[in-house]
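J.: The two chains are supplied separately, each in an independent frame; assemble them into the complex guided by the hints.
Quick mapping for you: the protein sequence lines, in order, are chains Z and P. Okay, so the first sequence: first residue is 1 according to the working numbering, each after it adds one. Okay, so the second sequence: first residue is 162 according to the working numbering, each after it adds one.
One or more of the hints may lead you astray.
Mimicking DSSO-like on lysine-lysine, the simulated pairs with C-alpha atoms at most 27 Å apart in a straight line are [stated by the list, open to error]:
1. P:Lys174 / Z:Lys2
2. Z:Lys2 / P:Lys201
3. P:Lys163 / Z:Lys2
4. P:Lys203 / Z:Lys31
5. P:Lys339 / P:Lys321
6. P:Lys199 / P:Lys220
7. Z:Lys2 / P:Lys255
8. P:Lys435 / P:Lys255
9. P:Lys163 / P:Lys203
10. P:Lys201 / Z:Lys31
Covered by chain P, according to a simulated footprint, are these stretches of chain Z (three or more residues, beta-carbon under 8 Å) [as the list claims (entries may be wrong)]:
11. 41-50
12. 59-72
13. 120-133
Since the hints were made in silico from the structure, they are not lab data. Backbone N, C-alpha and C define an ideal beta-carbon position, used for all residues, glycine too.
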Amino acid sequence: MKRVIRFVLNGFEVEVETDSHMMLLDVLRDKFELTGTKEGCGQGECGACTVLVDGLAVNSCLFPAFEVEGRHVTTIEGLIGEGAKLHPIQKAFVDAGAVQCGFCMPGMVMSAKALLDENPTPTEEEIRAGISGNLCRCTGYVQIVEAIQLASQYIQESKRG
Amino acid sequence: MKRFDYLMPSSIKEAIEAHLQYGNRAKFISGGTDVLVKMKQKALDVDCLISLRRIPELKGIEANGNSIRIGAMTTFREIIGSSLIKERLPALWKASSVLANPQIRNVATIGGNISNAAPSADSVPPLMVLDTKLIIQTSNGLREEVLEDFFLGPGSTKLKEGEVLKEIVVKLPSLECKTFFIKIGRVSQDIAVVNGAIAMETEGDEVKKVRCVLGAVAPTPLRLKGVEEKLLGQKITPDLIKEVQHLAEAEVRPITDVRASMEYRRHLSGVIVKRLIEMAIGS
Numbered sequence: 001m002k003r004v005i006r007f008v009l010n011g012f013e014v015e016v017e018t019d020s021h022m023m024l025l026d027v028l029r030d031k032f033e034l035t036g037t038k039e040g041c042g043q044g045e046c047g048a049c050t051v052l053v054d055g056l057a058v059n060s061c062l063f064p065a066f067e068v069e070g071r072h073v074t075t076i077e078g079l080i081g082e083g084a085k086l087h088p089i090q091k092a093f094v095d096a097g098a099v100q101c102g103f104c105m106p107g108m109v110m111s112a113k114a115l116l117d118e119n120p121t122p123t124e125e126e127i128r129a130g131i132s133g134n135l136c137r138c139t140g141y142v143q144i145v146e147a148i149q150l151a152s153q154y155i156q157e158s159k160r161g
Numbered sequence: 162m163k164r165f166d167y168l169m170p171s172s173i174k175e176a177i178e179a180h181l182q183y184g185n186r187a188k189f190i191s192g193g194t195d196v197l198v199k200m201k202q203k204a205l206d207v208d209c210l211i212s213l214r215r216i217p218e219l220k221g222i223e224a225n226g227n228s229i230r231i232g233a234m235t236t237f238r239e240i241i242g243s244s245l246i247k248e249r250l251p252a253l254w255k256a257s258s259v260l261a262n263p264q265i266r267n268v269a270t271i272g273g274n275i276s277n278a279a280p281s282a283d284s285v286p287p288l289m290v291l292d293t294k295l296i297i298q299t300s301n302g303l304r305e306e307v308l309e310d311f312f313l314g315p316g317s318t319k320l321k322e323g324e325v326l327k328e329i330v331v332k333l334p335s336l337e338c339k340t341f342f343i344k345i346g347r348v349s350q351d352i353a354v355v356n357g358a359i360a361m362e363t364e365g366d367e368v369k370k371v372r373c374v375l376g377a378v379a380p381t382p383l384r385l386k387g388v389e390e391k392l393l394g395q396k397i398t399p400d401l402i403k404e405v406q407h408l409a410e411a412e413v414r415p416i417t418d419v420r421a422s423m424e425y426r427r428h429l430s431g432v433i434v435k436r437l438i439e440m441a442i443g444s
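Chain P on its own, in the form it takes in the complex (with noise of 0.2 Å):
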């Protein structure tokens, strides 16, 4: 592998500082299960790694309010254990279950899965279903993102150069909100083909709230605005279910990579959508 050298700072300060002084021949690693793969296959190419693993203040998960806090370098392990997570977000809890295989997920970080912003990245759409911000620190104080916005392409955030992940807030759902996640791929661990997440709420036979994500269809993960927008609303039918599945087609824009087809992508956002829709109502 190329050289490189290794900072293992013990404060955010420490890592900015180092950061701003290497500008962009630096970047900031955490669990380094994509940026070491990236840096193996030549796909990325800096003279310094900044490790992030040795610093205190971005890890642990805590109930905050209405809100969960969890530190950016908070691994998928962590994530899995807590039950605070099971509880509240089942949705979070299943990705990050299915994320890869154990050897990843005890080193592997949820702010490292959001900043390597791929658009198969399985802790996205549960977060993004919920209203979820990302706290960054930068060399001059504390900034938010919302997650919805934070994505500009694959392996493109709205981090400038020497910004840290620092939290991610995560706004808890009412108690009758319920949350599924799916991941279709060729095995579990594997790189999802598609991968969704719904948050439904609904009184009555109505739907009251919904949000919609689907990863993998699109440059960056994707909200389905046209199928929240039919369910709101409504009574949840067969062929509303059908109509929607359809819709859902429509609204992906997916690529055909070694993983699968552009047509089979098109395919699988449809029976995501209806799937985690019947979850939700089965609920």
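The following block holds chain Z by itself, in its conformation from the complex (with noise of 0.2 Å):
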């Protein structure tokens, strides 16, 4: 069953024919080239292949493409701000060395995002309890946490100007 959905995507208005066995990672990576969004297990358990959806993270790898019809779906590349700037997350990441072999971050960085736009100031528990879904094999988490606490830092500071 073939189908054209429209949704927003990273703030643009698309439109793209797809299948209806498709999930939204599918329809990510092989009809938009969006490569950021990984996939890892394919069953939800690993967090690798995380974007928001309004706004709230999911699992793409588990969210049929038909069900975006209408939705904003924001994935990792979504976050660049203009010329080509990091997003305050994503600069948190390396400036903690947060990043090991990397599969991980895009899925890590966007739970993060979901937690922080909800939650801007969370506690070590919170941010442990908000990455909770996403499996890191290299670091060991703690400065995956500590990037994040640093994000909350700067994002606050960038709201003071």
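T.: Rendered as structure tokens:
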């Protein structure tokens, strides 16, 4: 079953023809060539495919493509600001040394974004709960938690100007 | 993944009609975090998924007299966000907040968790320790099932082909009735090794009412009737708790799987019951 779906992708209205058995992840990677979003387990365990749908973190590997009709989708590519400037969360991950192999990073950053959008100054416990759906096999998470604390600080500072 | 059609009806009526047309080659899908995983693992093989996500009548949480009505398509995120649930059904709130992880809770629904009928379903013990009934929409009207009698085995319920779980109706416990939930897993976002809930009301020192349910210890969530009978009318003492702990170990029928051995689940069952009682009398 084919269908043209329309949605807002990283701020742009888009439409694309897709098959009924495709997941949002397939559409992002194969149709839009937005390969920042990764497929890890494909079963909603690892979080490498995390994107935001209407501001909420979801596993795009388990999100049927047809379901994004009329919704707002944000991927890691959508965080880059004008002049290809890193988003404060991305900058914090780099500054805190939180990135090793990098495979989990797009999903991890998107979960951090969903968390900080809702709770701008989370405790360490809240950060750990916020990224509990994202597996990282390199870092042991300590630097990632520190990166999100730093990101929170960057965002607060930028708000104060 | 296998090819399948994907329908998005906007009313229950339309959804049921579509299902009847496809027969057993179709399945309803809510958040999809179980159904799509089963499709990917080839544990489920259907030609059509019928999404219930765009049906407004399946959504929402509301107080209705002495009960709370939860639409089957209410997500766990919405349950955690409900102050009504947090205040009046704290064990369900707790279970919802430790179910899987944020990404899953943002899409997974309570109706899906119940219909999927996993013996380990986190939302079931807290609902089963209270008087909970399920309202089911059929092609010719509504029918009801008591939650406790709803499960037939792992993945199997009294929902018949083309029937939609519409809402969950929980009778509010009295203000004296305390409810608690405990989940033990390798990590909390993992599927429970054993989970459980208690609803207990005491008068003076004596147990006036009690219900205790454990999950992942039998083919369906299990009410521990032996434990309940033992506690009823008694004063809670350390000796009684120890006795009840052994009763719980004897009453469960766990299996060994990748998450835990039968022996460990049996041991945990006693520990969880002990802790639930201690929480209930400590509060």
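J.: Hint by hint, say whether it matches the structure.
T.: Here is what the structure says about each hint:
| no. | hint | in the structure |
| --- | --- | --- |
| 1 | P:Lys174 / Z:Lys2 | holds, 24 Å |
| 2 | Z:Lys2 / P:Lys201 | holds, 20 Å |
| 3 | P:Lys163 / Z:Lys2 | holds, 15 Å |
| 4 | P:Lys203 / Z:Lys31 | holds, 25 Å |
| 5 | P:Lys339 / P:Lys321 | violated, 35 Å |
| 6 | P:Lys199 / P:Lys220 | holds, 25 Å |
| 7 | Z:Lys2 / P:Lys255 | violated, 41 Å |
| 8 | P:Lys435 / P:Lys255 | holds, 18 Å |
| 9 | P:Lys163 / P:Lys203 | holds, 8 Å |
| 10 | P:Lys201 / Z:Lys31 | holds, 21 Å |
| 11 | 41-50 | holds (count 5) |
| 12 | 59-72 | holds (count 7) |
| 13 | 120-133 | holds (count 4) |
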